[in-house]
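J.: The primary structure of each chain is shown beneath.
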Amino acid sequence: MNNQIKLAVAAALLAAASSANAGISIPAGDWTLDIGGVVNAFYTSTKTPGSSASSNIGTGLLPNVLAVSGTTRQNDLDVTFVIAIDPGGYSNHSLSGGSAAENRQAFFTFGDKSWGTVKIGKDLGIFASDAILNDMTLLGVGNGAPGQAGNGGGTVGAGTTTLGGIGAGYLYADWKEQISYTTPNMNGFQATGGITQAWNETGGATDLLTSTAITSGSSASTGGSQPAFEGKASYDFAADAVKGKVWVSGYTQKIQNALNSNSVNVGSPTATVGDIGVNLNAAGFGVTAYYYGGTGVGATGLLDAGLSANGSKRDSNGGYVQGTYVLPTATKIGLAWGESELDAGTGDGTFKGYKNERWTVGAYHPLTKHVNLVAEYNNDKVTTNGTTLKTDTVSLGGILFF
Amino acid sequence: MKLLMMALVLLLSGCAQLMNGQQAPVIIKDANQHIMYTTCNGAAEGWDTCATKATKTCTNGYTVIEKTENAQGGFRSMTFQCKK
Numbered sequence: 001m002n003n004q005i006k007l008a009v010a011a012a013l014l015a016a017a018s019s020a021n022a023g024i025s026i027p028a029g030d031w032t033l034d035i036g037g038v039v040n041a042f043y044t045s046t047k048t049p050g051s052s053a054s055s056n057i058g059t060g061l062l063p064n065v066l067a068v069s070g071t072t073r074q075n076d077l078d079v080t081f082v083i084a085i086d087p088g089g090y091s092n093h094s095l096s097g098g099s100a101a102e103n104r105q106a107f108f109t110f111g112d113k114s115w116g117t118v119k120i121g122k123d124l125g126i127f128a129s130d131a132i133l134n135d136m137t138l139l140g141v142g143n144g145a146p147g148q149a150g151n152g153g154g155t156v157g158a159g160t161t162t163l164g165g166i167g168a169g170y171l172y173a174d175w176k177e178q179i180s181y182t183t184p185n186m187n188g189f190q191a192t193g194g195i196t197q198a199w200n201e202t203g204g205a206t207d208l209l210t211s212t213a214i215t216s217g218s219s220a221s222t223g224g225s226q227p228a229f230e231g232k233a234s235y236d237f238a239a240d241a242v243k244g245k246v247w248v249s250g251y252t253q254k255i256q257n258a259l260n261s262n263s264v265n266v267g268s269p270t271a272t273v274g275d276i277g278v279n280l281n282a283a284g285f286g287v288t289a290y291y292y293g294g295t296g297v298g299a300t301g302l303l304d305a306g307l308s309a310n311g312s313k314r315d316s317n318g319g320y321v322q323g324t325y326v327l328p329t330a331t332k333i334g335l336a337w338g339e340s341e342l343d344a345g346t347g348d349g350t351f352k353g354y355k356n357e358r359w360t361v362g363a364y365h366p367l368t369k370h371v372n373l374v375a376e377y378n379n380d381k382v383t384t385n386g387t388t389l390k391t392d393t394v395s396l397g398g399i400l401f402f
Numbered sequence: 001m002k003l004l005m006m007a008l009v010l011l012l013s014g015c016a017q018l019m020n021g022q023q024a025p026v027i028i029k030d031a032n033q034h035i036m037y038t039t040c041n042g043a044a045e046g047w048d049t050c051a052t053k054a055t056k057t058c059t060n061g062y063t064v065i066e067k068t069e070n071a072q073g074g075f076r077s078m079t080f081q082c083k084k
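Protein chains in written order, with my numbering: chain L, 1 to 402; chain H, 1 to 84.
Since the hints were made in silico from the structure, they are not lab data.
One or more hints might be untrue.
Said to hold, decoys possible - Here are some chain L residues pointing at chain H (derived, C-beta under 10 Å):
{"#": "1", "residue": "Val38"}
{"#": "2", "residue": "Pro63"}
{"#": "3", "residue": "Pro87"}
{"#": "4", "residue": "Leu95"}
{"#": "5", "residue": "Ala100"}
{"#": "6", "residue": "Leu124"}
{"#": "7", "residue": "Ser129"}
{"#": "8", "residue": "Ala173"}
{"#": "9", "residue": "Asn185"}
{"#": "10", "residue": "Met186"}
{"#": "11", "residue": "Lys245"}
{"#": "12", "residue": "Ala289"}
{"#": "13", "residue": "Leu327"}
{"#": "14", "residue": "Gly362"}
{"#": "15", "residue": "His370"}
{"#": "16", "residue": "Val374"}
What the hints assert, rightly or not - A few chain L positions that, by computed beta-carbon distances, are all more than 12 Å from chain H:
{"#": "17", "residue": "Asn134"}
{"#": "18", "residue": "Ala149"}
{"#": "19", "residue": "Thr324"}
{"#": "20", "residue": "Gly349"}
{"#": "21", "residue": "His365"}
In this text, all values refer to a predicted model and were calculated from it rather than measured experimentally.
Backbone N, C-alpha and C fix where the C-beta goes; we use that ideal spot for every residue, glycine too.
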């Protein structure tokens, strides 16, 4: 009887909210097309002690997104595709054309619930994907707001978006061409393995995303004859009182023809990294704990500043801890701490190590079921060779998803 | 003084409306099979709120049929079946 009443309530909700699903669905012949996306903007005020504040308005850790996807069932196979464009919002001078844009997703999948799914195309990388998906600043700002100074000159961030917890708790999974296979969901257990586009090691005088002064080796032959290999496994559980997820993932790639900082070939080392994470939720409280460790992969973007000045691999590790609580107003408040470290490698000379530590306090309020208002305070502390740069950032804005 | 009071009342009533947070509802996909669908998109919701809504909807518990997550922006959906 209770179930019948609840079904009636749910039916009433359906009548009152005719388009609760994300996106706009359009039947089109054999296909059901869906248009979905994200629109967001944040006011940010970033200040480093000893300098004046930098106030800006731009997109947060997510760019704006317009995604078209489609699903169909053909020849006993579920077939889907996604193509997305991702314009950023920040610009700081006239005649700039608005802002930079990215193209993050263009992939299709085929499979069946009985044996799994094959994905072909560009999507979020497999390694460290759960780290960013569980970061509370994913739909906020976090670290790297426009104007944030790096510890080596220049500004932090990629321009289109901020960094959230990237480089201060986890490596960026990034967007990669890939061919992958995902198992069916087996009572909460699921695994994904695949090959992804091998990348060059990036180096030079500064870390690309944190603009930190680190003289590093590089490469120009990607993985040579080999792709990169990535995999992950996760277990979802939902007991009466506690719900959560545990995951592990890994990445390895040969760096063909690595170069030292003088562009001399020093061989072909292999970069590897692994991680582990857990997310637990009970009675409105949520806790996420995450750790990664690797060699040759860098500390912010994959294969960025992962080689020492003489081309040897540097070790790196980091992690974050995050606690959230949902208030009676449905507002989620959170506190997060994260840290990434890059150790000096053989032959580094003047580079003695790098550490990026952040604290983030955030409030995320569901104004409607498709609009969130966000307020964050982020404290970042980058230490390179004993020199520390502190930055405070306040962010206020909102994000709409449809 | 009156203007100040009016401004204060407007501010408080505006804040009260803004504080009335809204989560995505649970929708029936198949009434005969007791199959439901909900989303928990964004920063304020997460997999925990999807699971909480399923728990509140299904008195005798539920079985997850499908969970989907889009990497682009915290799009999360869950299809579940209430136990009879």
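J.: Each of the hints needs a verdict: does it hold here or not?
T.: So, going through the hints one by one against the coordinates:
Checking L:Val38 against chain H by beta carbon gives a least distance of about 4 Å; that is within 10 Å, so the hint holds. Interface restraint check: L:Pro63 against chain H, minimum CB-CB distance 9 Å, threshold 10 Å, status holds. Contact between L:Pro87 and chain H, as hinted, is not supported at the beta carbon level, the nearest pair being about 13 Å apart and thus beyond 10 Å. Interface restraint check for L:Leu95: the shortest CB-CB distance to chain H comes to about 29 Å, outside 10 Å, so the restraint is violated.
A hinted interface residue such as L:Ala100 counts as satisfied when its beta carbon comes closer than 10 Å to some beta carbon of chain H; here the least separation is about 17 Å, so the hint is violated. Hint status for L:Leu124: holds, given a least beta-carbon distance of 4 Å to chain H, under 10 Å. For L:Ser129, the shortest C-beta to C-beta distance to chain H is roughly 7 Å, which falls under 10 Å, so the interface hint holds. Of the supplied interface hints, the one on L:Ala173 holds, with its beta-carbon coming within about 8 Å of a beta-carbon of chain H, less than 10 Å.
Taking 10 Å as the C-beta contact cut-off toward chain H, the hint placing L:Asn185 at the interface holds, the least distance being around 7 Å. Hint status for L:Met186: violated, given a least beta-carbon distance of 12 Å to chain H, over 10 Å. For L:Lys245, the interface hint holds, since its Cβ comes within 10 Å of a Cβ in chain H; the closest pair sits about 7 Å apart. With its C-beta approaching chain H no nearer than about 15 Å, L:Ala289 sits outside the 10 Å limit, and its interface hint is violated.
A cut of 10 Å between beta carbons decides the hint on L:Leu327: the least distance to chain H is about 8 Å, and the hint holds. Interface hint at L:Gly362: satisfied, since its Cβ lies 8 Å from the closest Cβ of chain H, which is below the 10 Å cut-off. Checking L:His370 against chain H by beta carbon gives a least distance of about 8 Å; that is within 10 Å, so the hint holds. Hint status for L:Val374 relative to chain H: holds, with the closest Cβ pair at about 6 Å, below 10 Å.
For L:Asn134, the condition that its CB be more than 12 Å from all CB atoms of chain H is violated, with the nearest at approximately 8 Å. Look at L:Ala149: its CB is around 27 Å from the nearest CB on chain H, clear of 12 Å, so calling it non-interface holds up. The Cβ of L:Thr324 sits about 8 Å from the closest Cβ of chain H, inside the 12 Å cut-off, so the non-interface label is violated. Taking the minimum C-beta to C-beta distance to chain H, about 39 Å, the non-interface status of L:Gly349 holds against the 12 Å cut.
Not every CB of chain H lies more than 12 Å from the CB of L:His365, the least distance being 6 Å, so the non-interface label is violated.
Against the hints set out earlier in the document, violations occur for numbers 3, 4, 5, 10, 12, 17, 19 and 21.
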